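Number of protein chains: 2
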Amino acid sequence: MTIRITRLDTTQPDFDSALMQILVFEASEDESIDRVAADIIADVRKRGDAAVLEYTNRFDRLTETAMASLEIPVESCLAALNNLPPASRAALQVAADRVRVYHEHQREACGGSGYTYTDEHGSLLGQKITPLDKVGIYVPGGKAAYPSSVLMNAIPAQVAGVPEIIMVVPTPDGIRNELVMAAAGLSGVNRIFAIGGAQAVAALAYGTETIPAVDKIVGPGNAFVAAAKRRVFGQVGIDMIAGPSEILVLCDGTTNPDWIAMDLFSQAEHDELAQSILVCPDTAYLDQVEASIARLLPQMRRQEIIRTSLTNRGALIKAKNMEEVCAIANRIAPEHLEVSTENPERWLDLLRHAGAIFLGRFTSEALGDYCAGPNHVLPTSRTARFSSPLGVYDFQKRSSIIRVSEEGAQILGKTALELAEGEGLEAHAKSAAYRMKKD
Amino acid sequence: MTIRITRLDTTQPDFDSALMQILVFEASEDESIDRVAADIIADVRKRGDAAVLEYTNRFDRLTETAMASLEIPVESCLAALNNLPPASRAALQVAADRVRVYHEHQREACGGSGYTYTDEHGSLLGQKITPLDKVGIYVPGGKAAYPSSVLMNAIPAQVAGVPEIIMVVPTPDGIRNELVMAAAGLSGVNRIFAIGGAQAVAALAYGTETIPAVDKIVGPGNAFVAAAKRRVFGQVGIDMIAGPSEILVLCDGTTNPDWIAMDLFSQAEHDELAQSILVCPDTAYLDQVEASIARLLPQMRRQEIIRTSLTNRGALIKAKNMEEVCAIANRIAPEHLEVSTENPERWLDLLRHAGAIFLGRFTSEALGDYCAGPNHVLPTSRTARFSSPLGVYDFQKRSSIIRVSEEGAQILGKTALELAEGEGLEAHAKSAAYRMKKD
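For the protein sequence lines, the chains are A and B, in the order given. As numbered in the working numbering, residues 167 to 605 make up the first sequence, in order. As numbered in the working numbering, residues 167 to 605 make up the second sequence, in order.
So that you can see chain A by itself, here it is in the shape it has in the complex (with noise of 0.2 Å):
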């Protein structure tokens, strides 16, 4: 019952293979779970609601006949907000609103409605930003259906102003999660269908009679639903497609070992393939959490998922010091990054990728998992190098606006004149000369 992490130090020789081999997690790519999903895709798109009925009844173990019935009416989940424990109700109300607060913020950091301006010829440029009409979110069911994901999902929508969010959980053998559907009630989702895995995915994206086909679709989901929403992309938006969870926690050795413990621990809870590193110049500061692992561990009840996790795939890495520790940082592009340091912006300019910063010792992770305002729904795998937070620009498009003036069309016509003969276009060449005065 003992615990074995990992434990690096980046001046062994073989440092950057070994890093490589903790990080390494490579999706499986099930074929036969692909066909599976191209299957049901191409029956749901036949068939439409007796389709999706019928996966619903044998995936979810139902013996519905019609679709109505599993539509889940929103005044279901108005009620199962109101019948919630009053502790239970206000702390999900705050975290709503607070949610709320730091995506209205990030709209108007971020664009707002659009922009314009005008240049030296009097021609109008710019963007107009407006939110996709019909979003689909798709909620996990059984174990992993936890209502702030609903929030975390559906509030950045409302806040871009989506007039039609419409939900898809499964409830195998019927259950309905009273959580999740006052999460649903709370944020504002329009409708709600007890429908789950690539045929709720297909449903969504395609229509049926029941369902409306809507224009993006978000959340996570198994195999299955990564299959699938991977299937449907390019006839809708998709989020992206979420590997496990992951932690790095990178600390100068200040801040209280057993806090840092159940920092790691609080992301490998999540599941097996969770990933909690630890990053620290300080040897003997490792060994002090290492050891607070080992006390604090036996106390906790999901103890045999978090011994797994951090045995397989955590790690306690010694640095040369706080600037290496950051360059370790960017090269795992964490989901959730926590500085846990004195002064810790100093850090942040180095912090090139990452999901999200958490800085300082009180910002627990957990912290902005449920109520800190940012959203928790954030990349994985290291698509941090290159993909962002769930936020209210995913419920946004953009179009760009281009007014030419009258002079603007002289001038601007003679360069597109040239280039468009460059590139042996005649129309759009002379869809320009016909704009410029002859003289």
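Since the hints were derived computationally from the structure, they do not count as laboratory data. No experiment lies behind these values; they were computed from the predicted model shown. There may be inaccurate statements among the hints.
A few chain B positions that, by computed beta-carbon distances, are all more than 12 Å from chain A [said to hold, decoys possible]:
1) Lys212
2) Gly214
3) Arg224
4) Ala257
Covered stretches of chain B, going by a simulated chain A footprint (3 or more residues, C-beta under 8 Å) [said to hold, decoys possible]:
5) 275 to 285
6) 289 to 298
7) 393 to 401
8) 438 to 446
9) 512 to 520
Just some of the chain B residues that point at chain A, by a computed CB distance under 7 Å [to be verified]:
10) Pro251
11) Ser254
12) Glu435
13) Ser530
14) Ala532
15) Tyr536
16) Arg569
Note that beta-carbon positions come from the ideal geometry of N, C-alpha and C, so glycine has one too.
Take the given structure of chain A and dock chain B to it, following the hints.
Okay, now just chain B, sitting in the frame of chain A:
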């Protein structure tokens, strides 16, 4: 040699289905193309340079013996730029300058390098916006090699601050397009390789001995390139997978019909699958445009392509009034939307879905394609419902910033504790509780 374009009227009983029939375009998801792309990717991952070299020699009919000889030195692009005829060079420079200014405006209007705010407990919240480290730009070779596309892909990346921009462009039979090389020289591309196809996408996604692995791949390509991009999505970021180009012209019947005919040609001349549609409330005006088309078409060098495109995929649509015209535009969600009317701004609020909106009769789409400033890489095939023009934001990613104050940790801790317990995540709860003062 006459031309027959579909005429529709919104009052005809089968209008909806007739419109859908014209719009429908399903990218051929050819399983065999996907299979070939998957095999090439696996081979490049396994054998690196050797595989890339082999495929390049085979597909582009070359006889190179080392990857190094497929690298095109940036100096030779600068030489190509210097060797251009002065008028070409000046036009390319004007276009590059205007595209740069536009995207600089965009960068500042869309969040700059980030934003933060402080909440009522002194906690800091916001986002940090940073450029991607490395970006790959795919530029098609052969007849569809457009220097303007090099500018439109590379300049936003450069404005975003991407330190390493790597361009790939196939050179079938070893032929290099001097205008494309010059455009690369002008727009801050750092390295260029004369490779293409799925092998180029694989090399950029996974890296080889010679070709650096990038974080995102953008740019259009053939069916193999599209299949490869879809496959590497997740390993790297990708832009949208582009379909045939489209223009929708909304007209109140007051623009010179020859101008509108030429605007429709300018899209149709791209290729046989391109789509040009005009919607207008005035039947007599539609007749005039049809007459202009018939008269002007025989003068066009690319008349065969234009005729095929207009015959198979074009349409002239009579609507009841301008409000209905705008409603049709939203259903079509076109890549390019020309609003060729008096007071075009009047209709802007009604237009929700379009890649770019060209306002007023002097704003021919061709000006936007080359030098107005906005990006010409735009969402096609109705994806403007959920996606946006290529922009600076495609070459940036965001990291949430959270710095919870000691006071904030007490207050947020209570909410996090309650929600974490509701979700059965004990370590999350304890990690929040550790930061709370015991009282």
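| Holds or violated: is the Cβ of Glu435 (chain B) closer than 7 Å to a Cβ in chain A? | At about 5 Å, which falls below the 7 Å cut-off, the nearest Cβ of chain A leaves the hint on Glu435 (chain B) intact, so it holds.
Worksheet entry | Coverage claim, chain A over the region 393 to 401 of chain B, checked by counting residues with Cβ within 8 Å (three needed) | It holds: at least three residues are needed, and the region 393 to 401 of chain B offers 3 whose Cβ sits within less than 8 Å of chain A.
- Taking the closest pair, is the beta carbon of Arg224 (chain B) still more than 12 Å from chain A? holds, 26 Å
| field | Verdict on chain A covering the region 512 to 520 of chain B, where coverage means 3 or more residues with a C-beta closer than 8 Å | value | holds (count 5)
Task: Agreement of hint Pro251 (chain B) with chain A interface, Cβ distance less than 7 Å - done: violated, 9 Å
- Message: Beyond 12 Å on every Cβ pair: is that true for Gly214 (chain B) relative to chain A?
- Response: Non-interface label stands for Gly214 (chain B): nearest chain A Cβ at 17 Å, farther than 12 Å.
Q. So is Lys212 (chain B) really clear of chain A, every C-beta pair being over 12 Å apart?
A. holds, 14 Å
Assertion that Ala257 (chain B) lies outside the chain A interface [Cβ separation over 12 Å]:
Not fine: 4 Å to the nearest Cβ puts Ala257 (chain B) too close to chain A.
- Item | Within 8 Å of chain A (C-beta), three or more residues of the region 289 to 298 of chain B | This one holds; 8 residues, not fewer than the three required, reach chain A with a Cβ under 8 Å.
* Asked: Taking 7 Å as the limit, does the beta-carbon of Ser254 (chain B) come near enough to a beta-carbon in chain A?
  -> holds, 6 Å
> Can the hint on Tyr536 (chain B) be confirmed by a CB-to-CB distance to chain A that is less than 7 Å?
Replying inline: Status holds, d = 4 Å.
Hint Ser530 (chain B) vs chain A: min CB-CB distance below 7 Å? holds, 4 Å
When the structure is compared with the earlier hints, violations turn up for hints 4, 8 and 10 and for no others.
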